[in-house]
Amino acid sequence: MSAMLRLLFFVVSLSPTLLLVTWDGSLSWALIDGIRLHLTLTPLAGFFLTLLALAAPLVALPMLRRPCDWPSLVLYVLLLLGMQLLLLAGDFVSFFVGWEVMTWSSYLLLLRSSRADMETSQSFILFNLASAFLLLAGILVFFSLTGDFAIRSLAEPSLPQALTLLALFGLAFLIKVGTLPLHIWIPSSYDQAPDAFSAFLSGSVSKMGVYGLILLPTLFPDALASFAGRFLNGPAFGYLLAWVGVITSVVATFKAISQEDMKRLLAYSSIAQVGYITTAVGVGSSLAIAGALYLALVHTLVKVLLFISVAGIVLQTGQRQFKDLGRLIERMPISFFGVLIGIIGLAGMPPLPGFAAKYLVFVSLVDARWLLLLAAMILASTAAFIYCYKLIYAPFLGHANSPGAKEAREAPWPYLVPQVILMGLLVLFGLFPGLAIDVLIDPVLVGLQMAPIGAESWAKLTTVYGGYDGVVLMLVFGIAFVLVTGLFLLLRGRMRRAGSPYDLSFAGEVPTADTPLHYGAGMGRELRRIPLVGWILRQGTRGFYLGLAGQMRAAAALLGNLYVGRPQAWILIAVVVLAASLAARAMMGGL
Amino acid sequence: MMHAVVDSLAMIGVSYVMGFLFYGFYRQLNARIQRRWGPSIWQNFFDNMKFFFKSETLSHGPMFFFGPMIIMAGAFTTVLFVPFLKDSTWLQGFSQYGNLILIIYLLVVGPLGNALAVGSSGNPFGVMGVTRGLTRLMGLEVPFFLGLALVMLQHETSSVHAIMAAQDGLANWGIVTNPVAFVVILLPFIAAQNASPFDVVGAPVEVYAGPRVEFGGRLLGVLMTQNMMMSIAKLVLVVDLFLGGASNVLVLIAKAFSLFLLTTAISMVFPRLKTEQAVDFFWKVPLGIGVLAVILTVWLPSWSA
Amino acid sequence: MLAFLDDPKILHGIYVLGTLTLFFIGLYGLLAKRHLLKVLISIAVMELSVYLLFVGLATSPGETAPILSDGLTEFAGMADPVPQALTLTAIVIGLAVLALGVSLAVQYHRLTGKADIARMTELKEL
Amino acid sequence: MYHKTQCEGFQCEQAMLEVPGDAETVREGVLDKLIAWMRQRSLFVLAYGTGCGAIEMRPLMTSRFDAERFGIIGAATPRQADVLVISGYLALKTLRRVIRSYEQMQEPKYVIGLGSCTINGGMYWDSYNTVKQVDRYIPIDIYVNGCMPRPEALIEGFVALQQRIKQGGKAGYHQYRENIDWYKANQRKALGEEMPPAYTYDWYHAGGVA
Amino acid sequence: MTLPLTPVWFVALPLLLAFASPLWVRYRLLMPLLVGTPALLLLLAFVLLPEVRTGPLLETIVIAPPLGIHLQLDSASWILVALISLAGLLATAFIWLSDAEPYLRDRRAFVFLLLLIAGCNGMVLTGDLFNLYVFLEIAGVSAYALSALRRDASALEAGLKYLIIGSVAAVFFLFSVVLIYLQTGQLNMAAVAARFGGIPAPMQLLIGLLMLVGLGIKAELFPFNFWVPDVYQGSHPVLAGLFSGLLVKAFLFVLFHLVFLLLADPQVAGLWLMGLGATTMLIAEVVALRQEDMRRMLAYSSLGQIGLITLALGFGMQATTAGGLFHMVNHTLVKLLLFLTAAVLLRSFVSARLADLAGAGRARPLAAALFVLGALAVMGLPPLSGFASKLWILKGFAEAGVFWPVALILLAALIEAGYYFRWIKVLYDPNGDLKAAAPVERMAYVPMGVAAGLIILLGVAPFLVDDLFIEGAQTLLDRGAALSAVLGAGS
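Residue numbers (the numbering used here), protein chains in the order written: chain V, 1 to 591; chain S, 1 to 305; chain B, 1 to 126; chain R, 1 to 210; chain G, 1 to 491.
Don't take every hint at face value.
[Claimed, not checked] Quick list of in silico lysine-lysine cross-link-like pairs, DSBU-like style, CA-CA up to 30 Å:
no. : chain 1 : residue 1 : chain 2 : residue 2
1   : V       : K323      : S       : K274
2   : R       : K189      : R       : K166
3   : G       : K435      : B       : K9
4   : R       : K132      : R       : K170
5   : R       : K170      : R       : K184
6   : R       : K189      : R       : K33
[Stated by the list, open to error] Label pairs and their computed distance ranges (CB to CB):
no. : chain 1 : residue 1 : chain 2 : residue 2 : range
7   : S       : Q277      : G       : E292      : 52 to 60 Å
8   : S       : P301      : V       : G34       : 52 to 60 Å
9   : V       : M495      : R       : Q163      : 24 to 32 Å
10  : S       : P301      : V       : E526      : 35 to 43 Å
11  : V       : A155      : G       : F403      : 38 to 46 Å
Rather than coming from a laboratory, the hints here were simulated on the basis of the structure. Treat the numbers as computed from the prediction; the structure is a model and nothing was measured. For each residue, glycine too, the CB sits at the ideal point set by N, CA and C.
Produce the entire structure from the sequences given, and follow the hints as far as they go.
Set out below in structure tokens:
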């Protein structure tokens, strides 16, 4: 019975794939009072559905591991259904329904974790609901302009209308993707969510905000361009959005560096990555949108991979703090490669596809002549090296720092299979950067009525600004590596393995297990001494939001005083109100 | 095919020879400035060979061994993706398959691979050095990339070949047509070369030699080699971008050498900066110049147009 | 001497004044007295004032009670029967409510020993 | 190797202390000679200074003495160093560090004893804490005597070491490796419980004798 | 003998059965009849539905209009009657099936519950102001008695407070009825409506305000709703659920019925009501943020929803009115579900305080899950029914281009989420280890399950019922048709 249910669950997790393969035509469902839900599959939605189809079964696998939490599985199914509805939505109502189902089912999934605390879960749901309600408000404004709920471009909105719509929709999606200063809910919730589900939250759920952001310009085809005019070679309004994105990336990157917890670090890195995507959307050119989509693809693959690897580590060691881990490379080699490939993708290093994505974005920024943005983005992406390094150093290298880390074994196969698949996909896309362009991204661009990027061959990424060849790059690097290693081994002399991990040059001293040799926890702390970074790290929005919550509670207390349990007071108020309104009427109108 | 192999080997050879000679010269010059004789110009070659023929090499595990291999392969790849000559079929490597941004990223592939090895050694001083290196990278990359972006914008391409081809004649050299960009990248370039005053990362007496603390014997030889080759690759890259490239090896050496002299002259007279000082400096001075350059060369023309 | 009272306007005016006074007396008791029974009585007084007003204003001087009995077979010269019927009903209802209230109050007093409306603080904001 | 049967007591110790030097000719090819030549041209020095000799080592790198013209340059860690210079007397406490550092150096490696203290304890010979004869604990290739020797004398010592390296043949590290048991016995006698851990040298036994 | 199926049964049946209660005690029929009566009424409602949809059913007893007891079952009141029967059915089924406390299962509870249903039905159906007063008092008295049923200090206190404030409300209402009669000489609503415009404006205002205070207290509008939390907290949760789900809805309906019927131009009054509704909603939601007792929290949430419904109905457009009616239904279902859950939790863990319920989700997974469902529905999250009605209301506002209620509704929903999710989080607190003190009958979940099922069904397929609400809204808003239906054409 249980096995059957598991199988069923896994099949359901494949539903985005099935949907992608079998969907044709459209579907509609009456809701209420003439509102109908129309389901169609646009190329853009198809792209994000592909991402979902990639991530969903891979995240489902670890969730299926015994003993599995049945409510989680049910909620996961609901979440998947909601997201598919969201992607298939041809009208705003089904979009919103999908959005909300996604929101609350992911919240309830978050609660399945034993670590979720009140502040986290509250901030998660409140921010997400705020996003949803802003979206709904936007939808209603949109509805009042067009008279129906279909998702389509708005012909010539007036400036205030377009501004209102942009603000409402934009805020909604920006909360979902978590740009500054609306990101506060992300780190702790990604951290405290059930370990496998964090992968999905970061890999897929955040992509829905990206989907919305990319959808947004199609609602006002010319708004981004004609709104505030053009700045240099791009839309001026997008310039603002791009700065929001890039500031998010920079700040989140530095915050990520200063984290002490693996999942929190990944969460901040998610924020940073999505910040890049936001920047690219802000640029809005065909190159940039291609870059944004490419980044979304890579981010999904990478974050699912990394979060699942980390989940495996947490499962096997029981530790999640950098200071408690170390030297797992010998005990969990496959996970090590998972994280290695993951961070290479995350850092955007060639030859993995992260580079192709960043290349597109960089080139689009140069093309738009927004060089200051480019510089800020470079800052974020080079600073990202530090947290990437921290992420692989602290768990896998250095010295084991806790009994759990000393005795861990390789993660079980439900954790390894997704990792291996994702590693394979990353390498594949890295070798053939044109593959993703040709198969996944160009159809979307055509669907959005933009110039496709085009790929001469799958191995090549070609833009007007030049390109590169993934296969050649990988071959050259591979041959060089083999040659160097071979030549090195041919040289005379003996190689000898150190007899102990403590055989270190340590100024003549002999380190022992008690010596603090692991640099995992403190790594990046010295960055605070750089004035700018120190300043950034000292800032935070938590105080503001806590203050807001405190003010709300104070207001509640104040208003609660009205509800004192004294019947005479109630009656007095009623009579006074009666008298006062009579008197007011008498004064104003004259009886 | 054969051409590619020979060409690649030639590039690697040229960069290696240039590397140790330039560094030998650097040490000589440094000594002369300090009013002493200094080592022979071949000293770096000797050091390198000595390390290669050490009879004992300690390893801290597979990753520790592969780190230097990765960084070496990265150096080879970088060298092969930088075109050494223009208008020539030789010393091109695979540069037509790459571009400027790719090269900039390739420059850090190796060091990051090596950082894994350093981490795997388990020596905290090494990791501290890596962190410093990454921090410095974070500092220098911003103005460096901004300067290169100005060049890319000027030529509207990221292909080094195309940028080189556009600079025929002294008047069209990047340093003449886009001097601000050159000024912007100059100091970060020195830091990228790991030269004083930004050499705190691997300096012998700072945190116990930094990332290389655990490397000895042949592995250290590998690291030294790649360092020299990588330096040459960067020099050649800047020559390609700003000094109009070179049509034959002698011109290449001359141009690279003059650039090297310039950077050496700067680095020799300034004392070493702390990491955070260096980063702060990069974000203030070169980046400030870069921002000014952007405003002057990008914003103002577009507004006046 | 009291003939001026036969003027329906004056009579109704007096009724209005009187019932309003009664109403406000009730209201005053309701707001100011703290004993449960006094509060209930005040409510009863208020209700009473409304009944009086209703009956009073619906009747003009000279009209007889709307009862068909010996010799009276027509609805002529009678007061409007509806208010009187309604008032009767209302009185019944008011009595029921009052009875319920008093019984609750008594029980409450037995249970807690309190009869002070201001000291009913079992239920409150936490 | 050290075998009790070949000698006894003090004789044995004397025998141990004699570095074979040129007596035993090693067959060497051109490549070996070339390598040896390059080795002697490039000496990375790990300077171990606890005594006054450390003061004399600093000027070595300055413009006045300019050891770099001989290819001599400081190294930060034992992993990178070729030559360990023990300057001045060693206390028991520092002996442990020296042994550890020496064992962490990568072969080929050489030791220079600087000053009288390394030979016989020098002016601190009667202290309970001073190591009188350093070569009982680690092999010394070159002694530079004096109290303290001037940098010129040190340079001469280096040159002598270079000559020796150029000639080839067995050096102190060979001797250390072959007689590791004897050295370790001596070290243990001096350090007692404070011995550095065995993992830095126990590979000598596992067929590691070169 | 065939009994004609007329609206009068909605009032008469529960009344008759209630008065014959000694009989049922003897034959042990108390519980079956308690559940059976609303079930029967529900059945009757559905039997009458096709007829109602063709035109309103008028039933006049005793004298010809304008005098007499006058019942009117039209599309709008049908919704309320069906809702009252359904809510009564669910609540009484819960009382029966959950093996509830004895005081809820004895004769007095039986009588008062049926009287409550009768009173509510009467209020909704009646076409006569004085009957309205009578039914209002019947419902009121039974409600006071019900909330004091437990006979401990807190229940008695709740009952007394309810009684005092309720009586004052009744006095005010009666006052306004008296004034109307004195001004128009009529009590039939339609007849009054026809002449209402003739009353001098100040008197209109006075009548309106008195009625507003009277019905406002009963219908829990700010600033007349301060009694609500106390009473809901002191009463048994099932009864609180009934008050919130059924009694308040009836009063609210009456309020708007009168507004739309009496006033030829309900715009101004509607605007004032919208203002009251918005204030009620916002203040209640904010105050609910810091509630530590589940019953109190639900009470405030109920106030918030009432405010929302008031806001929607006050706008007086067809879409918002239909949405508001639909939301009434949804809110009744949801609040009933939530209060029943609260009853289960209170029974299981003795306390309904936040701190005492930490981790209740593991000891009572089903109850907690139903609470979550209810909470999601009350916040209007899809695919639950609360969403459909809220969307309808919002769409109505958007169509009219009025956006301040939209903003307020969404803001209120956000604040509402703030406390509901706090409760959900605590229910699923991983650190709490609660042991249930008392067992809960499995059957008790049946009515809750039915409510949950309806919530989901109405959320996924609201198109099944939306015609009913559109017709209801049309009926409610179409003053002319209502007048002519009673008074005859041309009047």
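Each hint, compared with the structure:
Annotation: proposed proximity of K323 of chain V to K274 of chain S holds, straight-line Cα distance about 26 Å (limit 30 Å). At most 30 Å may separate the alpha-carbon atoms for a hinted pair to count; K189 of chain R and K166 of chain R exceed this at roughly 35 Å. Using a Cα cut-off of 30 Å, the hinted pair K435 of chain G and K9 of chain B is violated, with the two alpha carbons roughly 73 Å apart. Taking the CA atoms of K132 of chain R and K170 of chain R, the gap is about 25 Å. The hint holds against a cut of 30 Å.
Taking the CA atoms of K170 of chain R and K184 of chain R, the gap is about 20 Å. The hint holds against a cut of 30 Å. Between the alpha carbons of K189 of chain R and K33 of chain R the distance comes to roughly 39 Å, so the proposed pair goes past 30 Å and is violated. Taking the beta carbon of each, Q277 of chain S and E292 of chain G are about 55 Å apart, inside 52 to 60 Å as hinted. With their beta carbons about 55 Å apart, P301 of chain S and G34 of chain V fall inside the hinted range of 52 to 60 Å.
Checked against the hint of 24 to 32 Å, the C-beta distance between M495 of chain V and Q163 of chain R comes to roughly 30 Å, which is consistent with it. Taken as a hint, the range 35 to 43 Å holds for the pair P301 of chain S and E526 of chain V, whose Cβ atoms sit roughly 41 Å apart. Remark: the range hint 38 to 46 Å for A155 of chain V to F403 of chain G is contradicted by a beta-carbon distance near 21 Å.
When held up to the earlier numbered hints, the structure conflicts with 2, 3, 6, 11 and fits the remainder.
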